[in-house]
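Listed below are the residues making up each chain.
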Amino acid sequence: MALLTVKNIGISFGGLRAVDKFSVEIEKNELYGLIGPNGAGKTTVFNMLTGVYKPSDGSIMIDGVDITGKSNIEVNQTGIARTFQNIRLFKEQTVLDNVKIGLHNHYKYSTIDGVFRTPKYKKVEREMDERAMELLKVFDLQDEAEVLSANLPYGKQRKLEIARALATEPKLLLLDEPAAGMNPKETGELMQTIRFLRDEFDMTILLIEHDMKLVSGICERLTVLNFGEVLAAGSTSDVLNNPEVIKAYIGE
Amino acid sequence: MKNKKLKNKITTFLIVIAAYAIVEILLLTGNMSSLLQGLLVPLCTYSLCAVGLNLCVGYLGELSLGHAGFMCIGAFTGAFFSVTTADVIQSDTVRFLLALVIGTACAALFGFLIAIPVLRLNGDYLAIVTLAFGEIIKNVINVLYVGKDSQGWHVSINSQAELGLEPGGVTYINGAQGITGTPHSSNFTIGVILVLIALFVVYNLTDSRTGRAIMSIRDNQIAAESVGINVKKYKLLGFTVSTAIAGTAGVLYAHNLSTLTALPKNFGYNMSIMILVFVVLGGIGNFRGSVIAACILTLLPELLRGLSDYRMLIYAVVLIAMMLFNWAPDAIFFREQIVAKFKKGGREV
Chain A
1 MALLTVKNIG
11 ISFGGLRAVD
21 KFSVEIEKNE
31 LYGLIGPNGA
41 GKTTVFNMLT
51 GVYKPSDGSI
61 MIDGVDITGK
71 SNIEVNQTGI
81 ARTFQNIRLF
91 KEQTVLDNVK
101 IGLHNHYKYS
111 TIDGVFRTPK
121 YKKVEREMDE
131 RAMELLKVFD
141 LQDEAEVLSA
151 NLPYGKQRKL
161 EIARALATEP
171 KLLLLDEPAA
181 GMNPKETGEL
191 MQTIRFLRDE
201 FDMTILLIEH
211 DMKLVSGICE
221 RLTVLNFGEV
231 LAAGSTSDVL
241 NNPEVIKAYI
251 GE
Chain B
1 MKNKKLKNKI
11 TTFLIVIAAY
21 AIVEILLLTG
31 NMSSLLQGLL
41 VPLCTYSLCA
51 VGLNLCVGYL
61 GELSLGHAGF
71 MCIGAFTGAF
81 FSVTTADVIQ
91 SDTVRFLLAL
101 VIGTACAALF
111 GFLIAIPVLR
121 LNGDYLAIVT
131 LAFGEIIKNV
141 INVLYVGKDS
151 QGWHVSINSQ
161 AELGLEPGGV
171 TYINGAQGIT
181 GTPHSSNFTI
191 GVILVLIALF
201 VVYNLTDSRT
211 GRAIMSIRDN
221 QIAAESVGIN
231 VKKYKLLGFT
241 VSTAIAGTAG
251 VLYAHNLSTL
261 TALPKNFGYN
271 MSIMILVFVV
281 LGGIGNFRGS
291 VIAACILTLL
301 PELLRGLSDY
311 RMLIYAVVLI
321 AMMLFNWAPD
331 AIFFREQIVA
341 KFKKGGREV
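Protein sequence lines correspond, in order, to chains A and B.
With our numbering applied, the first sequence covers 1 to 252.
With our numbering applied, the second sequence covers 1 to 349.
Among the hints, erroneous ones may be present.
For lysine to aspartate or glutamate, the following DMTMM-like pairs were computed, each having C-alpha atoms within a straight-line distance of at most 25 Å [said to hold, decoys possible]:
#, chain 1, residue 1, chain 2, residue 2
1, A, K247, A, E74
2, B, K7, A, E74
3, A, K91, B, D124
4, A, K156, A, E130
5, A, K171, A, E130
6, B, K5, A, E127
7, B, K4, A, E146
8, B, K343, A, E146
9, B, K7, A, E144
10, B, K9, A, E146
11, B, K4, A, D140
12, A, K91, B, E336
13, B, K5, A, D20
14, B, K232, A, D66
15, B, K7, A, E125
16, B, K233, A, E92
17, A, K91, B, D219
18, B, K4, A, E125
19, A, K91, A, D66
20, B, K5, A, E130
21, B, K343, A, D143
22, B, K5, A, E146
23, A, K137, A, E127
24, A, K171, A, E74
25, B, K4, A, E130
26, B, K9, A, E74
27, B, K9, A, D20
28, B, K233, A, E125
What the simulated footprint calls covered on chain A by chain B, stretch by stretch (three residues with Cβ under 8 Å from a Cβ of chain B suffice, anywhere in the stretch; the number is not a length) [said to hold, decoys possible]:
#, segment
29, 34-46
30, 53-67
31, 115-121
32, 219-228
Residues from chain A that keep clear of chain B, each with C-beta distances beyond 12 Å, as calculated [stated by the list, open to error]:
#, residue
33, G14
34, F90
35, L197
36, D211
37, G234
38, K247
Calculated from the structure, these hints are not laboratory results.
Think of the CB as a built atom: it goes at the ideal place given N, C-alpha and C, for glycine as much as any other residue.
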């Protein structure tokens, strides 16, 4: 059975049908792309998948659990983590603490333990530090662990957001334009990192991206959205050679 | 960073303890005027309040203008307990400690209950609603009459006569005249200990899993939700701890006076704003700054008393100067340079 099964979800804002009858099935360990022109509804789909918006119809299942209409907190705890198109880090906290907040629900001690610095606090904090550093190493951020996250360069902020999302131990990772604002070299590194995540962390990844080099380079299957509706779906090469897709998105 | 936080914490504790030692020496050698002596407990009270509010403003990121109200709850429940149990519990110290626990717990309870609806708002809206709650608390206490006779407890919100007490009955809370006869249990030593305990709690709380969750909400609520942080729970927790500390301050305040009344002067919104001034001038998110600002700004009007007419003028200038010193980019740069110079000098030695 597919890891993520989305059936006919849709949502309206006022009179505008932002997304209509969107369906997708993503297998475990797959790298799936969601592309389309600006305003096609890609981020709205992400917001519905993560519980920020409640779809007015349709259903979303992750790993056999129905998460339709659940809050974004519950959705994360069920196994979907995401990054944002406009970066949303905890700016006033260090890089390390950002990742440790991601670990919040997996490494626990009570508030009382925290105030009185019990042995449990020390043990769990040490484990958190170790785990967080492991994650930072994946993104080559280990040297900036004590830097305020707001002071990181742009490309590294994007990486940190992915590290934070991974810290919540998701089954499915949603990346909203991970390469936006990156130069070709950074994009190349990012492609390697995403592949690494899939292979080493056994991760399933759904990403929105405009950079065709990245999309054609790493995505195995694609869905194309246009005006809130699915224009095409299938293997990357088929979709990118589809005349309708070329007309709507890539340009003739 | 871990070491930096620890260093920061220890420095603050040392400053408070050093200040305590200096004051004690001055007291022993008789070098302190009675005016200053009278200010010692209020200094601790306002420091506590400022530390509590700083947790709410600096770490939870929510502006509360009702902290004087929570202080008021702590003061009245604590004093009420002390007065009513005067016959039952002989030891003044035990009674005061219990009053501290009860006042703190009551302020926390009210903080929790008020936070449930209030924390659905944010920003300016939250500030206005907490302001209103603070005023409501003060006004309710001003019309509250509680007495006791052989029949048991009597409560009224109209007049003392309506209590209908038998001859020999005692009125404990007498409306606008408040509570009289609270024992004088507060002193500077207890005040400083309470400030140290409050600092211990807030420093450790903010540097823990709970504190990180609270700060993540301040920094970006949507992102906090997206990594599975229970936003409601941590907002409530942060706010409740903050109000509890204000409640402790209230108990300390109440046991420093023989007559406790809820006036606009001590528990009105002026006081809430005053506490906020301590927090902002001391540095939002900086507990040590809150304590220092509370002390300076409480002492200043008294120290400048000799200048009569110019007193408030100088006070205003000091407010502006402190603001610049703490927040202006040039001043921050200047301070960092000085600190760097000291460090360099230290290494050469």
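Legend entry - Pair hint outcome, B/K9 versus A/E74 [Cα-Cα no greater than 25 Å]: It is violated: about 36 Å lies between the C-alpha atoms, which goes past 25 Å.
Inset, instruction - Assess, step by step, whether the Cα of B/K343 is no farther than 25 Å from the Cα of A/E146, and give holds or violated. - result: Measuring from Cα to Cα gives roughly 20 Å; hence the hint holds.
Inset, instruction - With a C-beta cutoff of 8 Å, work out whether three or more residues of the segment 115-121 of chain A approach chain B closely enough for the coverage to hold. - result: As far as the segment 115-121 of chain A goes, the hint holds, because 4 residues have Cβ atoms under 8 Å from chain B.
Inset, instruction - Starting from B/K4, check that the Cα of A/E125 is at most 25 Å away, please. - result: holds (17 Å)
Inset, instruction - Measure nothing beyond the straight line between the CA atoms of A/K171 and A/E74; if it is 25 Å or shorter, mark the hint as holding. - result: holds (14 Å)
Legend entry - Annotated coverage of the segment 53-67 of chain A by chain B, confirmed only when three residues or more have a Cβ within 8 Å: violated (count 0)
Inset, instruction - Could you grab the alpha-carbon distance between B/K4 and A/E130 and see if it respects the 25 Å cut-off? - result: holds (19 Å)
Inset, instruction - Mind checking the alpha carbons of B/K233 and A/E92 for me, to see if they're no more than 25 Å apart? - result: Holds, at about 21 Å.
Inset, instruction - Given the hint that B/K7 pairs with A/E144, test it: the Cα-Cα distance must not exceed 25 Å. - result: holds (21 Å)
Inset, instruction - Given the hint that A/K91 pairs with B/D124, test it: the Cα-Cα distance must not exceed 25 Å. - result: Holds. A/K91 to B/D124 sits at ~22 Å (cutoff 25 Å).
Inset, instruction - Given the hint that B/K7 pairs with A/E125, test it: the Cα-Cα distance must not exceed 25 Å. - result: This hinted pair holds, its Cα atoms lying about 18 Å apart.
Legend entry - Hinted pair B/K343 and A/D143, Cα distance within 25 Å: holds (24 Å)
In summary, the structure is inconsistent with hints 1, 2, 13, 19, 26, 27, 29, 30, 32, 34 from the numbered list given earlier, while agreeing with the others.
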